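A.B. asks: Residue numbering for the sequence shown follows the numbering used here, beginning at 1 and increasing consecutively.
Please keep in mind that the hints were generated in silico from the structure rather than gathered at the bench.
Some hints could be false.
[What the hints assert, rightly or not] Keeping only pairs whose Cα atoms sit at most 27 Å apart, straight-line, the calculated DSSO-like set for lysine-lysine is:
(1) K60 - K35
(2) K18 - K59
(3) K18 - K7
(4) K6 - K18
(5) K35 - K18
Being a predicted model, the structure only gives us computed values, none of them experimental.
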Amino acid sequence: MLSVVKKFGSSAGVIIPKPLLAEFGVEAGDSVELKVEAGRIVIERVINPRRQGWAEDAKKLAAAGNDIPEWPEFGNEDDAALTW
Numbered sequence: 001m002l003s004v005v006k007k008f009g010s011s012a013g014v015i016i017p018k019p020l021l022a023e024f025g026v027e028a029g030d031s032v033e034l035k036v037e038a039g040r041i042v043i044e045r046v047i048n049p050r051r052q053g054w055a056e057d058a059k060k061l062a063a064a065g066n067d068i069p070e071w072p073e074f075g076n077e078d079d080a081a082l083t084w
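Build the full structure now, drawing on both the sequences and the hints.
C.D. replies: The following block contains the structure:
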């Protein structure tokens, strides 16, 4: 598929047709990784797992003492019996 590099302000870009985006699972607004390999521009889909980094952030909050429930008075009556 032939395309043209167009000027966008002080940058330049190429319009990627929707069928090509759909073929590798990307939609407008998604993040992509751009790199040059062997004289070609390669565009790769960025896949971020859901909740990525949450465990590390929770550890940081706990270490800083910021892991106290905001509304402890609204617990469930069976919370004490729960085992994890």
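A.B. asks: Each of the hints needs a verdict: does it hold here or not?
C.D. replies: Verification of the supplied hints:
no., hint, result
1, K60 - K35, "33 Å, violated"
2, K18 - K59, "41 Å, violated"
3, K18 - K7, "20 Å, holds"
4, K6 - K18, "17 Å, holds"
5, K35 - K18, "21 Å, holds"
Hint compliance for this structure: hints 1 and 2 are broken, all remaining hints hold.
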